[in-house]
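Residue numbers (my numbering), protein chains in the order written: chain D, 583 to 941; chain C, 291 to 874; chain Y, 71 to 494.
It is possible that some hints are incorrect.
Just some of the chain D residues that point at chain C, by a computed CB distance under 8 Å [claimed, not checked]: (1) Ala632; (2) Gly661; (3) Ile662; (4) Met664.
Below, a list of computed lysine-lysine pairs in the DSBU-like style, where the Cα atoms sit at most 30 Å apart [what the hints assert, rightly or not]: (5) Lys587/C to Lys692/D; (6) Lys435/Y to Lys370/C; (7) Lys95/Y to Lys726/C.
None of these hints come from the bench; they were simulated from the model. Positions of the beta carbon are idealized from the N, C-alpha and C atoms, including for glycine.
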Amino acid sequence: MSFIQIQNLLKRFGKVVAVDHIWLEIEKGEIITLLGPSGCGKTTTLRCIAGLERPDEGDVVIDGRPMFSKGFVPPAKRGIGMVFQNYAVWPHMRVFDNVAYGLKLARLPKKEIRKRVQKTLELVGLKGLENRYPTQLSGGQQQRVALARALTRNPKVLLLDEPLSNLDAKLREKMRFEIKSLVKRMGITAVYVTHDQAEAMVISDRVAVMNQGKIVQVGSAEEIYHRPATKFVADFIGVTNFISGRVAEVDADRAEAVLEADFGRVRCKVLVPESAIQGRQATAFVRPEDVEVRERSAGGENLFRGTVLHRVYLGNILYLFVKLGDTSLRVQARATMPYREDDEIHVYLDPYRTIIIQD
Amino acid sequence: MVNRVTAAGTEGAGGVRFRLPLYDLSRGEILLSLILWAVVGLFILYPLFFLILESFKIAGTDRFGIQNYLDFFRDSYYLKAFGNTMLLGILVLATTTLVGLPAAYILARYRIRGKTVFTALTLLPIVLPAYAGAFAFIVFFGKWGTMNLLLMEWGIIDEPINFIYGLQGLVFIQSLHLLPFIVLSLLAGFTNIDPSLEEAAEVEGAGGIRRFFTITLPLATPSYFAGAVLVFLWPFTDWLTPIILGQVDYLPSIAYINIAYHFTDVYRKYMGIVSVVVAAVICVGMFLTLRRWIERKKYTALSKGTALEGRTITPGPLARLIAYLYMGFISALVLIIPVVLGLSAFSRRWVFEPFPTYWTLENFEVIFFETPQLLMNSFRFSGIALIFGVTFGLAVAYLLTRTRAPGKNALDFISTILLVFPGIAIGVSFLLAFWKTIPIATHWIIMPLALFVRRTPYFLRMAHASYLQLDPSLEEASEISGAGKLRTFFSISLPLLLKGIFVGVIMFFIMAFQEISTAVFLYRGGWETLPIGIYLNWHRGMEFGIAAAMAFFMVVLVFVLLLIAARIGGGILNVAWGAGGRRE
Amino acid sequence: MFRSKVILVLAALLAVFGVLEAKQKLGWVGPIYTELAESLMEGFKAYYLRTFGEEIEITFVKPGGWPVCVDKVRLWGGKPDADVFLGAGAPAHELLQDLGLIVPYKPKGWDAIPAEWKGMLVKDPEYYWTCFAPWLVTNIYNEKVMKKLRLPVPSTWMDLIDPVYRGNIVHTLPYASGTMHETVEIILQTMGEEEGWAYLRYLAANLARFSTGSTDTLQIVARGEVPIGIAQPQMNAMAARKDGYPVKALVPDKTIMVPEAAALLAGAPNEKNAKIFLDWLYSLEGQLYVLKGAYFPARTDISLSAWADEGVEMAKHALGALGADNFWQLEVELIEYDLELAKQRWDEVNRTYELEIYRKWGELKNTLALIEEVEGEVEAARAAGKDVAAAEAKIKEARTLFGRGEYAAARLLALEARNLLVKG
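This is chain D alone, in the form it adopts within the complex (with noise of 0.2 Å):
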């Protein structure tokens, strides 16, 4: 049985349904992020978690234990650390005070405490700024207080609401892979909210999209970004072309389909068997990277001729803008690639990683 189980959560704040019986098995030691815009319902759910919101339906199943259904259990007693977006570092209590704040209502001994404290705080890397207050603390430090906190009564689950997002970018990256090797270190089971599809990839395990309050589609950072499900996950998740036609032919047998677009006809993956019904209007999507540039046309599927519109250098990576009939395909070429604005050339569409999916 998983380690936490979502069972048809419901949550609503008036008439806004912000949670819409979603269900979610997490499994022990894993990173599970829910991703997804704001207002997508990812913070609800997590706050279901930590108990801080109550469902109206459904129930959080933590470790075998129902959270709501049999009795409310409270926040304390659910074995769980949080990190809060904004770090709720406490501004009056120096940082020892902070960290040691839960470990002081449950009672502990006072030189259990000093010690598991020293110990959390050289953990995050904070040793010597006990007797600091927050204020004289930088925001990559305020994080780790919280963090510190967080961890310091060893809870079985780990929640993180958006940890990273106030601090700069550079910050933000080392922080990922601190957490996600603490985490790991530790074997803490942790729950991480984010609206930054990067840090998603790069933290968790599994990656939970969420979109008006549902979850869209759960899965592995490849799975997410290879194999969206609907086209909200493939047009949230990273950057995408689509192109939009009918279905032209279905070969339910090799999972593939032919989609008639206006310039051409594009064969695709099918994914999902109702994306791809004869006749109907769909949708086909391609990574920039999926789409090949070909100086000369050799013929065949797939091929198609367009004229470059923009041509956008950043360095590494060469985006060409190619216009073909009505639609505008971003392609990701060769830096080295010598293409000007108003060149004519052939782009290759991978029918591997051409996907076509529900409108």
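Given the coordinates of chain D, work out where chains C and Y should sit on it, guided by the hints.
Coordinates of chains C and Y only, in the frame set by chain D:
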């Protein structure tokens, strides 16, 4: 165009500038700065200097010395009065805190119906004149007031209980008057706390009460002290309430009596002035010390959350019931004031009856038609004071936010201090300063001038805050388009500031309209204002009905103005914050 | 164009400041009650219009009791903001005269005012001041509250210090009210200094509170907050009664008459009008408006019953309050009042009262309470047949010390007396 950029430092779009070694100010700004300093110098510093000078005069001689102060601090009576005032301050602070804490918590956190009404009622006394409350409570809680009569009628007591004459009454009346300051500051404190700070404690295992005392309360403390200092200092400035209740062994009351009744005894007058100076020094000193401490303790810098309303809780049925009863109780106490004043206003000689039995409009006829002079004076003096206040406030706010004028912070400092400066000190200092050398006290203009000085902070703070929110680039764009500074102010800044300063205008007007502590020293025949009329009609005459009608009219006026301000200023709380001494 | 707008606004502002100057003006300063001021204003304005065909604007400044008013005039320092000092008895006017702040004027009705009454001066022979409304220094009580509290009406000064009235009396400080100061003088002059101060201490022990002035005392008694008020002008009870308050005057066994007088201020800005007013004030018409303002008129040729017959409402009230047709026909014993002495020790009396009684009020009350307690113990011991002579002597001495204001010593003696009882 590109070449001009480098020259912009010395030659601005507003016209010719010249460079002082340190500051680049336009000629107009220098002039403005000088005018403002002249105003502050003439109407604040100069009278103050006179007051202090007078306190060093030795009775019966032309000499100066510290004799009066030595006498003051050696005299056990003055020390006792000093101690009494301190004690009263502590008791009032303790009472308001104990009563205000649950009220503020309920208003900040509980999701209950009628919260706006409760908030408005709890905060109402902030704009009601203290003396109006005192009179209402005498009618209601007096020896033969409604309460005692009812209790005797029901056979619960045989002889009237002394509810209000004494320390207990003083604490009660002043506490009710000052409760809004505590509730407001705590409310600000509670709602400004990022909810996650409390949630973090919840996750860490702190239960409701422990969380409140270890997290919520400490975080609200700086905000609380901002209100608490005003409450604690109130007994050092309020001379009228003790006098109305026949309790005079308090510093400001002694000062008033010594000064107003010194007759042939000049020594008494000097001792009165010493009391005024001591009270003022305590007020200013305490205020500054606490302000400094609050500045240091300010936690808001840490909270990075978006504009949050703070945490709210849907209370359980029992908690809800208790919350309703509690807020209902406070609201009822506050409502006694307007209700009792209203009943008295529409009756005549309502005594020895729990409720009036004779109804009339006579009292209103008197104040509106027979002697409209008082009403006119009140409107005229407050109105002119308002013009002074707005002009001065906007100018200072401009100087503070838009220029690097030297000494502008001192200007701000002096204006802020006026918030806690005892009205009696302003009144006495004006009387001393503007009698012989600069004889303005013989012209009625002294009244609006004094009101202006006394209430200056109420508008200035609003103007300052509004100016801070106004993007300077809007004005710069106007100047680049060729408008002068003055024109830019009238055509760009003023219209944009209007909404923000409107609340300040109303608050200033309300506070000036109900002013008595200063005015009572300066008025002469024909200059009586409504508050003075209330005092004279009640305390020095027996026209309780007329006094009540005047007070009731003021309460209604204030209430209407407050509603307008609330509508424009975005809620009752914003308005009250403007009045309640919150300064960001 | 913009500039002209600014100028227009400035001009409008200036217009607000400019006040229209009335042609004819008159200013009063003094402690008379508002009701009298209003009555006189009404009467004199009508008279002025009738006689001169012009409106007159009257301002009335009343900053407080008469000492406060005198103070105000002193503060004006010869550049008065009024023309007539209206009200207050001889001491105030003599003080103003000494300070050179009033000038002599003999109004037309001067001869109709008696020169003196029962040994007291009613007008200044040198015309500095002239009484227009005489009254006695009285005390007042609230009938209704006295009945509710089942208290007997005190008829003499000695009655008032009976402990049954404890907490039921109010008076002000002598420096806040001329009437109170005169009351203190009455006590001191009739009882002698030592006895007098002792008496005032006992009286203070019976007080519920101090009021801030004699009008404050009146309103407190009228509202019933405290049932007995000390030191009230005689007509106060009449005025309150007329307004429907159950207030009655108590003419104490020892009292004086106060010749409420008017005087012309030195340097009066509207001297001509002031003189017209004073002439009118002592005329029969002016005196009628004095009565309508709830004061007793001063002319000897006035018959209240005749006015009452003419339908003057106030005359009936005055008849009821005085029990005589004219103030001067009152049957009372006045004390021999030494005005010179009163003037001389004015500040001293006020200060002594403040320092010895007012400021030590709490201690004073505690001391008397202790003495009374021990006295009760002495009585109980006597009833039990013990020898209490020594203790009785001690407690008697304690009372004497209390009377002298030696509160701490008095308490010590009372405790010694108690010790003697315990030992005995």
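Hint by hint, which ones does this structure get wrong, listed from lowest number up?
-> 2
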